[in-house]
Amino acid sequence: MTQAKTAYQKPIPLKDIDNAPYWDAADQHQLALQKCVDCTAYSQPPGPTCAKCGSENVTWEQLGNDIKATVYSYVVSYRPFLPGFQEELPTIIALAQLDKVPEVKIMGNILNCEEKDLAIGMPIQMTWVDITEDRALPQWIPATN
Amino acid sequence: MGTIKDRYAIVGVGESERSRKSGTTPLHLALEAANAAIKDAGLKATDIDGFMNYNEGDSCTSHQLATYLGVRPKYVKDIQGGGASTEMLIADAVALIEAGQLNTVLIYRSMNGSSGTRVGRGYDPDMLQGALAGGSFVIPYGSASPSQWFGMYATRHMHETGITKEHLGHVCLSFYEHAQRNPKAFLHGKPLTMETYLATPDISSPFNIHDSCLELDEGNAIIVTSAEKAKDCVSKPVYIMGMAARQCHPHAHYWNDIDQVASDYVAEELYENAGVTPEDIDVASIYDCFSWVVMRQLEAYGFAKRGEVGDFVAEGNLKIGGKLPTNTAGGMLSEGYTHGMNNAIEIVRQLRHDYEGTDRQVEDCKIGICTGWAGPDIAGAMILRN
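So the protein lines, in turn, are chains A and B.
Each residue of the first sequence is one higher than the last, beginning at 0 in numbering that gives the first Met the number 0.
Each residue of the second sequence is one higher than the last, beginning at 0 in numbering that gives the first Met the number 0.
Keep in mind that a hint or two might mislead.
Unchecked claim - Straight-line distance between alpha carbons at most 25 angstroms, and here's what the computed SDA-like set of lysine to any residue pairs gives: (1) Lys-9(A) / Pro-124(B); (2) Lys-14(A) / Ala-251(B); (3) Lys-20(B) / Thr-60(B); (4) Lys-115(A) / Thr-199(B); (5) Lys-14(A) / Gly-121(B); (6) Lys-9(A) / Cys-247(B); (7) Lys-20(B) / Glu-214(B); (8) Lys-99(A) / Asp-256(B); (9) Lys-34(A) / Asp-376(B); (10) Lys-51(A) / Lys-104(A); (11) Lys-9(A) / Tyr-122(B); (12) Lys-164(B) / Glu-267(B); (13) Lys-115(A) / Pro-200(B); (14) Lys-9(A) / Met-126(B); (15) Lys-104(A) / His-250(B); (16) Lys-164(B) / Met-121(A); (17) Lys-99(A) / Pro-249(B); (18) Lys-20(B) / Glu-55(B); (19) Lys-322(B) / Tyr-354(B); (20) Lys-51(A) / Glu-267(B); (21) Lys-304(B) / Lys-322(B); (22) Lys-51(A) / Lys-318(B); (23) Lys-104(A) / His-158(B); (24) Lys-99(A) / Arg-155(B); (25) Lys-104(A) / Gly-374(B); (26) Lys-99(A) / Glu-159(B); (27) Lys-99(A) / Gln-259(B); (28) Lys-104(A) / Leu-127(B); (29) Lys-104(A) / Met-126(B); (30) Lys-9(A) / Ala-135(A); (31) Lys-318(B) / Gly-161(B); (32) Lys-14(A) / Asp-256(B); (33) Lys-9(A) / Asp-125(B); (34) Lys-51(A) / Asp-258(B); (35) Lys-20(B) / Lys-183(B); (36) Lys-38(B) / Asp-231(B).
FYI, nobody ran anything at the bench for these hints, they're computed from the structure.
When you get a sec, could you build the whole thing from the sequences and use the hints?
Structure representation (structure tokens):
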């Protein structure tokens with residue numbers, strides 16, 4: 000866990016009626032995913048109904064805080080396109096494929112990672128960065144084991 | 000849509016000056032483009048009874064344009080759109096003419112894309128979180144530019160299919176070479192070598208400045224009418240053989256599945272409507288907001304097999320004289336940028352043989368394709384003939 004040193008300038012995830020359970024879990028350093036009771040598909044990002052079958056019968060599954068994944072794809076940005084990123088260039092933005100739920104891919108920055116070590120298929124794990132007093136942002140770091 | 004084959008035509012095309020700083024408004028640029036297209040067709044402004052436009056809140060309205068052309072149209076339509084909207088609005092125009100509602104429609108895109116609102120830049124982050132599907136899962140991670148959004152697709156696709164940075168360079172070099180033959184291309188006089196290309200650092204991987212489209216101030220206009228009415232025009236009509244106006248990704252948050260793009264689903268319907276195959280295409284305008292987007296569409300539209308697109312472009316097939324001369328005015332990478340409409344104008348001019356007797360003309364070309372890409376989620380395309 001990394002504590003933000005100065006006032007957080009980057010965009011903070013906005014909670015809404017559909018995604019609040021995801022971000023509430025993240026604030027507790029946990030991963031929660033929306034899942035359809037009828038067709039069992041996961042919805043990421045979460046929505047008002049199941050994005051696969053349209054069912055309103057959706058629930059939330061708690062996956063805990065030991066979240067392993069591999070890099071499915073990535074970009075490395077050398078210029079900031081949003082406030083706050085100018086201090087952390089280059090920025091690695093990756094799409095992580097969850098080990099336990101491969102159909103779910105979650106975007107995030109890969110922290111503590113050198114660009115030269117970055118590759119598709121690289122094992123990573125979820126971490127949470129406390130960005131304000133009551134908010135935490137899920138991020139990724141190279142897997143330690 | 001199959002039944003409209005060859006019954007509608009593009010009869011006029013025109014553009015304004017293109018520059019980094021127009022010093023004027025999108026309304027003035029639209030008027031300049033519209034007047035050029037009307038003159039090209041040999042029509043009077045009052046012959047046009049429908050006006051349509053796509054924009055990102057950065058243009059003038061169709062009603063404004065009609066007003067200052069001295070026309071009271073029957074129909075105006077302004078949509079929020081982008082890279083696939085030219086094809087979509089042409090299809091809408093055809094449908095309205097077919098339904099007997101309109102006779103002749105002018106479609107335009109006008110923008111101060113350099114000196115005014117720059118696409119994909121300077122937006123309020125919280126607005127973007129709301130505007131993008133699942134935006135709160137994207138924006139907080141610094142991903143706010145189409146280069147970053149499409150780049151995520153590109154990295155994976157290149158990994159799977161063996162496309163290299165040098166292959167992307169061949170796309171850029173081909174279009175830049177065309178721009179050197181086009182005095183009105185913004186990068187005319189600025190040829191590109193592979194050495195320079197490969198030495199240029201990325202802005203956001205895998206794209207450097209050459210892989211990315213221009214940002215310019217410009218207006219473009221296209222006039223669509225029935226084949227019957229086209230006979231009254233002074234221009235050589237370019238007939239619409241078939242269209243697939245718009246196709247979406249299964250999820251509005253398209254990072255949900257980066258292994259498919261909307262263009263994959265456009266191709267089949269398009270060729271079926273037009274009654275042709277990729278082998279029949281003589282000249283192409285392939286939407287080129289980024290070099291890789293061209294590669295991905297060459298695969299989707301069947302011009303090269305998955306895994307062979309890199310070799311296809313490296314062999315020079317996109318150049319005039321190659322198997323599929325593409326973006327022959329320089330494309331959006333080196334001619335100009337109006338969200339695809341300048342590429343549509345070029346395909347019309349090629350099929351009319353406007354460049355006959357110069358090194359810009361694709362010899363004897365009869366059938367052309369024009370594709371649009373608003374993103375991995377939205378694509379449209381049309382096949383035209385002379």
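- Query: When the hints from earlier in the document are held up against this structure, which numbers fail?
  - Reply: Numbers 6, 12 and 22, in rising order.
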